[in-house]
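Each residue of the sequence shown is one higher than the last, beginning at 2 in our numbering.
Bear in mind the hints are in silico, worked out from the structure with no lab data behind them.
Cβ coordinates follow ideal geometry from the N, Cα and C atoms, glycine included.
Incorrect hints may appear among the rest.
[Unchecked claim] As a list, the in silico BS3-like pairs of lysine-lysine whose alpha-carbon atoms are at most 25 Å apart:
id, residue 1, residue 2
1, 464, 445
2, 430, 213
3, 229, 218
4, 218, 177
5, 177, 213
6, 230, 179
7, 229, 373
8, 218, 207
9, 445, 430
10, 229, 213
[Stated by the list, open to error] Label pairs and their calculated CB-CB ranges:
id, residue 1, residue 2, range
11, 314, 556, 50 to 60 Å
12, 219, 586, 32 to 42 Å
13, 216, 577, 56 to 66 Å
14, 523, 169, 25 to 35 Å
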Amino acid sequence: MERNFVEEMAALTDPYGATGQLTLKWDPKNLEIRTTSVERTLEPLVLQVTTLVNSKDKTAKKKRPGKSKRASALVATVERATEIFIERGQTIAYENPEITQEMLAAVEEVRKAGAAMSLAAREFSEEPCASAVRGAMVRAARALLSAVTRLLILADMVDVHLLLAKLRAVETDLDKLKSASSQSELVESARQLGRSASELAAQAAKRQRELKEPRVKDELAAARAVLKKHSTMLLTASKVYVRHPELAAAKANRDFVLRAVCAAVDTISAVAQGTDLPPKGNNRPPIEGPGELAQALDDFDERMVMEPLAYSELRTRPSLEERLESIISGAALMADSSCTRDERRERIVAECNAVRQALQELLHEYMTNAGKAEQSEGLERAIEHMCRKTRDLRRQLRKAVVDHVSDSFLETNVPLLVLMEAARNGNEKEVEEYAVVFTEHANKLVEVANLVCSMSNNEDGVKMVRHAAAQIEALCPQVINAALVLAARCRSRVAQENGAAFAAAWDRAVRLLTLAVDDVTTIDDFLAVSENHILEDVNKCVVALQEGDPDSLERTAGAIRGRAARVCSVVTQEMDNYEPCIYTKRVLEAVTVLRDQEVSEKTLN
Numbered sequence: 002m003e004r005n006f007v008e009e010m011a012a013l014t015d016p017y018g019a020t021g022q023l024t025l026k027w028d029p030k031n032l033e034i035r036t037t038s039v040e041r042t043l044e045p046l047v048l049q050v051t052t053l054v055n056s057k058d059k060t061a062k063k064k065r066p067g068k069s070k071r072a073s074a075l076v077a078t079v080e081r082a083t084e085i086f087i088e089r090g091q092t093i094a095y096e097n098p099e100i101t102q103e104m105l106a107a108v109e110e111v112r113k114a115g116a117a118m119s120l121a122a123r124e125f126s127e128e129p130c131a132s133a134v135r136g137a138m139v140r141a142a143r144a145l146l147s148a149v150t151r152l153l154i155l156a157d158m159v160d161v162h163l164l165l166a167k168l169r170a171v172e173t174d175l176d177k178l179k180s181a182s183s184q185s186e187l188v189e190s191a192r193q194l195g196r197s198a199s200e201l202a203a204q205a206a207k208r209q210r211e212l213k214e215p216r217v218k219d220e221l222a223a224a225r226a227v228l229k230k231h232s233t234m235l236l237t238a239s240k241v242y243v244r245h246p247e248l249a250a251a252k253a254n255r256d257f258v259l260r261a262v263c264a265a266v267d268t269i270s271a272v273a274q275g276t277d278l279p280p281k282g283n284n285r286p287p288i289e290g291p292g293e294l295a296q297a298l299d300d301f302d303e304r305m306v307m308e309p310l311a312y313s314e315l316r317t318r319p320s321l322e323e324r325l326e327s328i329i330s331g332a333a334l335m336a337d338s339s340c341t342r343d344e345r346r347e348r349i350v351a352e353c354n355a356v357r358q359a360l361q362e363l364l365h366e367y368m369t370n371a372g373k374a375e376q377s378e379g380l381e382r383a384i385e386h387m388c389r390k391t392r393d394l395r396r397q398l399r400k401a402v403v404d405h406v407s408d409s410f411l412e413t414n415v416p417l418l419v420l421m422e423a424a425r426n427g428n429e430k431e432v433e434e435y436a437v438v439f440t441e442h443a444n445k446l447v448e449v450a451n452l453v454c455s456m457s458n459n460e461d462g463v464k465m466v467r468h469a470a471a472q473i474e475a476l477c478p479q480v481i482n483a484a485l486v487l488a489a490r491c492r493s494r495v496a497q498e499n500g501a502a503f504a505a506a507w508d509r510a511v512r513l514l515t516l517a518v519d520d521v522t523t524i525d526d527f528l529a530v531s532e533n534h535i536l537e538d539v540n541k542c543v544v545a546l547q548e549g550d551p552d553s554l555e556r557t558a559g560a561i562r563g564r565a566a567r568v569c570s571v572v573t574q575e576m577d578n579y580e581p582c583i584y585t586k587r588v589l590e591a592v593t594v595l596r597d598q599e600v601s602e603k604t605l606n
């Protein structure tokens, strides 16, 4: 009931006028509460007013109409609350000259609405059973709540004004940085931008804590992270471009970071002003929502169970068959992936055929039971069998995903190390060759990340994986550009700093993606698959020893070390989710034995 008075829509347009001062255009019928502080401040008054509106004196109803003592006390409480709002509004008005006029006008509106409410409420306390008097008080209560809401939102705009002021400073400093033509001018512009960006991030953090909408809070947090993470790359890329403007790769590096920072600033501006968030670009699909294949399996499991009376041969059969074929098409794409092992591919195909057969048996039972009020034992068995087969298909698909994770997220730093080593040596031909390998590696990480998402129902985890994969996708060509710049000017200190900055950003992005993927991967599946992969690699080592192939032996031994390290990392991360106890202690001890004794000693031997 409380929100019926206050949660109406709002519009604030062009907060800055031509003079650069804060100007607000209000639609009196549109008020949106965007922050928790406004909501918390308003709640007591809403409660008091609604209690007064709904108050009924039982004694007066039983005996005779008369004055309500309870209503009189509530009126006094509302009057005191209104006076407090007026006093605080006046204080804010005089402390912030930019909005003094608007605040004082809002205060005066609250004063008038409060007086009208007081008069109507006192009349109601005299005649609590008169419907006309109650109606007048309800209208006065609505007017008061609207006026107070407007006052609070206007007061909240002080924080918005400060945020937009910080944002304008960042925009100005970005323009100076972009137009800098010398190293000294660039360094000074970067120093000013660092200060203004830090102040903007702090003000945005304050705003983020107050916002109500989770999606908007996430967008603001992401924009703040971009400002923080891209500061070093922005400086190094700008230095390289100013020093070596003839290199197209240097300009590409600088433009990439500038676009990212400007997009973050635009996001903060949109959140502050309550406008639509800027588009992400590249026609990228939304990152929200569960995995497509997991969702399709859930929908199929839900729709295949029905009462016999609800079954229709003309509608139900084509619908279920179409849904199942869509699932099987997704499973086939996973089975045909280059990293899917032959044995796993065969199991997926077998499970797809088993699910098809189980569906036909289930549909046959539905036809047999058509028109009956209750399910027969045969139908119940068919439903149970169908559920078991879809579970088996899920299990094989999950293990196929973990196969990919175990193989692809192994020694993820090697392609980068090889690429940057060639760049530091000034070997442009090798850089171009290794850039192809690096791109394939990045594409594989993104592909596996998408496969992980497709089989996960963890919406928050899927969102993190998709966000991290998008970062990898965007950063990959820029790491190559940084390597090309370094290869062309390998003795240039600014080129070396730029290469190091982009390499560090890539390392962070890969670690973030790895953690996000591990978070949505079932640890039981991961451990089971990793054990099988390690056993396979051990058998390969034995064969290499028997055939006297030292290269294959060293390569496979490195894979075993990498898989064991991944197991240790994933298990340690999983133990962080539990309270310390004897169980976690024993698991962590086993991790230490695996990492420091088993793998290391066997490697030395």
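Verification of the supplied hints:
Of the supplied pair hints, the one linking residue 464 and residue 445 holds, its CA atoms being roughly 19 Å apart against a limit of 25 Å. Taking the CA atoms of residue 430 and residue 213, the gap is about 53 Å. The hint is violated against a cut of 25 Å. A C-alpha spacing of about 17 Å is found between residue 229 and residue 218, which places the hinted pair at or below 25 Å, so the restraint holds. With a C-alpha separation of about 30 Å, the suggested pairing of residue 218 with residue 177 is violated against the 25 Å cut-off.
Note on residue 177 and residue 213: the hinted pairing is violated, with a Cα-Cα distance of about 35 Å set against a maximum of 25 Å. Distance hint between residue 230 and residue 179 is fulfilled; the C-alpha atoms sit about 18 Å from each other, no more than 25 Å. The straight-line distance between the Cα atoms of residue 229 and residue 373 is roughly 65 Å, outside the 25 Å bound, and the hint therefore fails. As the CA atoms of residue 218 and residue 207 are separated by approximately 11 Å, the hinted pair is consistent with the 25 Å bound.
Restraint check for residue 445 and residue 430: satisfied, since their Cα atoms lie roughly 23 Å apart, inside the 25 Å limit. Taking the CA atoms of residue 229 and residue 213, the gap is about 24 Å. The hint holds against a cut of 25 Å. Remark: the range hint 50 to 60 Å for residue 314 to residue 556 is upheld by a beta-carbon distance near 58 Å. A hinted range of 32 to 42 Å for the beta carbons of residue 219 and residue 586 is consistent with their spacing of about 36 Å.
Checked against the hint of 56 to 66 Å, the pair residue 216 and residue 577 fails, with Cβ atoms roughly 27 Å apart. About 48 Å separates the C-beta atoms of residue 523 and residue 169, a value inconsistent with the hinted range of 25 to 35 Å.
Consistency with the previously given hints fails for numbers 2, 4, 5, 7, 13 and 14, ordered from lowest to highest.
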